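Protein chains in written order, with this note's numbering: chain E, 1 to 153; chain F, 1 to 261.
If you are wondering where the hints come from, they were derived from the structure by calculation, not from laboratory data.
Predicted model only: the values in this text are computed from it and were never measured.
The hints are all genuine.
In silico DSS-like pairs for lysine-lysine, Cα to Cα no more than 27 Å straight-line:
1) E:K119 <-> F:K83
2) E:K119 <-> F:K80
3) E:K116 <-> F:K83
4) F:K2 <-> E:K15
5) E:K118 <-> F:K83
6) F:K84 <-> E:K118
7) F:K10 <-> E:K12
8) F:K214 <-> F:K256
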Amino acid sequence: MGRISLEVNGRKVEKEAPDNTLLSTFLREHLQLTGTHIGCDTSQCGACVVHVDGNSLKSCTALAADVNGSKVTTIEGLETNGKMHPMQEAFKKLHGLQCGFCTPGMVMSAIDLLQKNKKPSDVEIRDWLEGNICRCTGYQNIVAAVKEAATKM
Amino acid sequence: MKDFNYHSAKDSKEASKLASSSSAFLAGGMTTIPSMKLGLATYKDLIDIKNIKKLSGIKVSGKSVTIGAATKHVEVSNSKDVKKAIPSLSSLAEGIGDPQVRNRGTIGGSIANNDPSADYPSACIALNAIIHTNERKIEANKFFKGMFETALKKGELIEAIEFQIPEKSSYQKHPNPASRYAIVGVYVAKHKGDVNVAVTGAKSCVYNDKEMSKALSGNFSSSSIDGMDLDSSEMNSDMHASADFRASLVVTQAKKAVDAC
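Chain E on its own, in the form it takes in the complex (with noise of 0.2 Å):
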């Protein structure tokens, strides 16, 4: 057992979690942030992504215990007084979800592709979305959304 403690989405949490806790795990059991969503829970899909002091990563494949002490942003601290994020508005506008299981691993993915890469090609939205896998849009529409999203931002 170790003490946790993290700041997720700006709010100050300490716990006592076994070590081999997942920091995907934490998230979504110790501190019900279920936004963040386990698909293949071997580190290849992305439903899982959070940032982690400002980088993006996926928290099905690092423990809590190798986090600690760092800012947490997970899906649920995208939004600003009821506001949805402009990455979350363009994937609502412009239909980049379907089934919606990916989507939290995908935004948070995205927003950090834009912090890094402001007016990123297709091309390279598709290369940094590598890591983040879809069955249903077929992608189109989330390259569409990342690209409206990147005006907005």
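On the provided structure of chain E, position chain F as indicated by the hints.
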């Protein structure tokens, strides 16, 4: 995943002191954590080395580029110094996995794991790397021993990897489209006097292809290896590629690498 004790080491000394026959060092965890989740590996103790400051960073001197073991792939791919000194090393790092893997995975972790399809081992062989550990210096061609096997002893920790700057070099990978691991990757580096042709993904362990090295050292042109018929008897054969296809890919990727130099 079975439970274990997590430790965060302050320095190499503490890390190796904590090590035992049932421990592992944890850097990015991109292989260690999935292996543990799948039950392929179990440890009593995980010793996190990410917070050891000395293990991160990139230094360039006139003849070499030295990269700390806990330096992440994204740091290598973004480094202006690496881009200038050995551009092929920077693009190799940019082609590993996906952005989230590159945000976490480390060069030392990749080398210590020695996956037969990993990218970095080929860079070590091609660029005559010296692996600095907390105990000694090991030449790359004596470091990679076999599938997932290295010369590292229990508790021995990689601290940095020193790459020799070549005259010209290129890494060409035919990636598995799902995992981005190399089905075959070839790293060609022309040094003063000789040429290394390091191959990953083709056999159970990275190797320097002597036949192509010799041909290219004589005449550094893709025509000197064109149509070369490599022995495929020791090459991997799986659902992604047969041994014969891999043998052919090695030559194709090597030619591409020479042309890109």
